Structure formats: structure tokens, C-alpha cells
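Colleague: Mapping of the sequence shown onto the numbering used here: position 151 corresponds to residue 190, and the numbering continues sequentially without gaps.
Please keep in mind that the hints were generated in silico from the structure rather than gathered at the bench.
Please note: incorrect hints may appear among the correct ones.
Label-pair distances were calculated between CB atoms; the ranges are [said to hold, decoys possible]:
1. VAL209 with ARG120: 23 to 29 Å
2. HIS132 with GLU206: 29 to 35 Å
3. ASP125 with PRO182: 18 to 24 Å
Within a straight-line C-alpha distance of at most 27 Å, the following computed DSS-like cross-link-like pairs (lysine-lysine) qualify [unchecked claim]:
4. LYS159 with LYS104
5. LYS80 with LYS104
6. LYS159 with LYS96
7. LYS106 with LYS80
As the structure is a computational prediction, the values presented were derived from the model and not from experiment.
Note that beta-carbon positions come from the ideal geometry of N, C-alpha and C, so glycine has one too.
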Amino acid sequence: MKLSRRAVMAGAASLPLMSSPVFAQGAEAQRRFEIYRGSTKIGEQVVAIAQSASGLKVDIDIDIKVKLFGFDAYSYSMMNRETWVDGEVASIHSRTQENGDSFRVDAERAPDGLDVDASKFTGLVTGSIATTTYWHPVFLERPVWISTQDGSQFDVNARRDAVTTFETPVGAFDATRYAVVGDIDLNLYYDPSGEWVGSTFEARGQTARIVTQDPDVSLTRLWDTA
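Can you build the whole structure from these sequences, using the hints too?
Modeller: This is the structure we're talking about:
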């Protein structure tokens with residue numbers, strides 16, 4: 040059994056326009072997620088965010104292992120390090136292993152955009168860019184997302200779908216579901232305070248879910264939109 044790379048990248052409109060963040064240097068927060076395929080837990084993800092003098096540091100670590108009849112059927116690991124300044128991505132440095140294949144992204148802010156050197160794309164990306172980390176709802180307003188696995192550009196549209204009950208390992212609560220369509224298809228869920236609580240997407244005929252373990256931890260407070 041194998042998950043598709045696009046499904047993992049997807050996993051692992053619209054809100055009022057938001058202002059650029061006001062950074063509170065020294066603040067930090069971490070939110071853990073569990074990853075399921077059907078009812079089986081297959082991995083974990085951690086999103087850790089910290090303020091620094093150079094901007095907002097966002098660290099994402101993902102580890103997935105799928106077994107079939109006791110044998111390793113699929114493995115995936117990502118270490119992604121991003122920096123954000125004035126609401127825009129300033130750098131991305133990620134390394135990914137998928138079933139033994141290696142992928143990377145190295146991107147730095149240039150005067151005219153984001154200069155990307157990655158496994159699937161090399162060049163300049165312009166405009167207001169989101170990454171496939173999903174942790175802040177302002178990303179839903181941005182039409183181009185950069186894959187943090189291989190640098191691919193995804194043209195997407197996100198629309199508010201419904202308020203629903205979102206199940207997590209620590210209980211259920213109301214969340215707004217946003218349907219993302221285009222180059223990738225998935226559902227993203229945000230709680231009433233705008234915190235990303237998880238995702239759902241299709242993976243080889245089953246529903247894959249990313250769900251928070253830490254619903255009381257705030258990441259968006261570090262991106263102050265006041």
C-alpha cells in the first residue's frame with residue numbers, strides 16, 4: 040500500500056483580509072498533531088513557532104510509517120524550517136525522505152519575489168505566497184502555495200464550506216471547514232479563534248486525517264493581526 044506524494048503534500052474562501060503581523064519577540068508555541076489513514080494512526084506532526092529578531096521561525100516535523108502484514112509499506116519524513124517577515128515568507132529550507140527518495144526546498148526572499156531552488160522547481164515566485172503548512176487561516180486568501188516538499192507551485196482556491204464537529208484524540212469541538220480545490224484537493228479545519236486543528240484528504244481510497252492533540256495551544260497569537 041502506498042500513499043500518493045500529492046496526497047501527503049496536501050495533508051501534511053474566505054476570511055476577512057488580515058493585516059501584517061506584529062511580532063512579539065521571544066514568544067513561542069508548539070502544537071502536536073496525529074495522522075490517521077482510516078482508523079489507523081500512521082504518524083505524527085509537530086508545528087513549533089518562535090519569535091526572533093529576524094522574524095517568525097516556523098518549524099514543521101512530520102514522521103509517517105505504514106505497515107502491511109508486519110512489513111514497512113510506506114515511510115515519509117520531513118524537516119521543514121521557515122522564516123516569515125512582515126507576513127511574507129522570507130525563507131524555506133526543507134528536507135524530505137519518501138520511501139528512500141529525497142526531496143528538498145531551499146528558498147530565500149529576493150527583491151522581486153521568492154528565489155526557489157528545489158527538487159521540482161527552480162526560479163522566482165512572485166506575489167503573496169503561502170506554504171503547504173496551513174497553520175494560519177490567512178493562507179486561505181493566497182492563490183499560490185509552495186510545496187514545502189519539492190518546491191512545486193499549487194494554484195488553489197479555498198472556500199468556506201460549513202461549520203462542523205471535528206473529532207480529535209482529546210475530544211470534539213466546532214470547527215469551520217474550508218474546501219481547497221485546484222492543483223491539490225483537501226479540507227482544512229479551523230476553530231472559532233482561527234487555529235488550524237487539522238485536515239482531511241483522500242489517500243488510496245481511504246480518508247486520511249491530520250488532527251491536533253493540543254487544541255488549547257495557540258499558534259496564531261504569534262501572528263498578531265490587531
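Colleague: Could you work out which earlier hints the structure fails to respect and list their numbers in ascending sequence?
Modeller: Result: no hint breaks.
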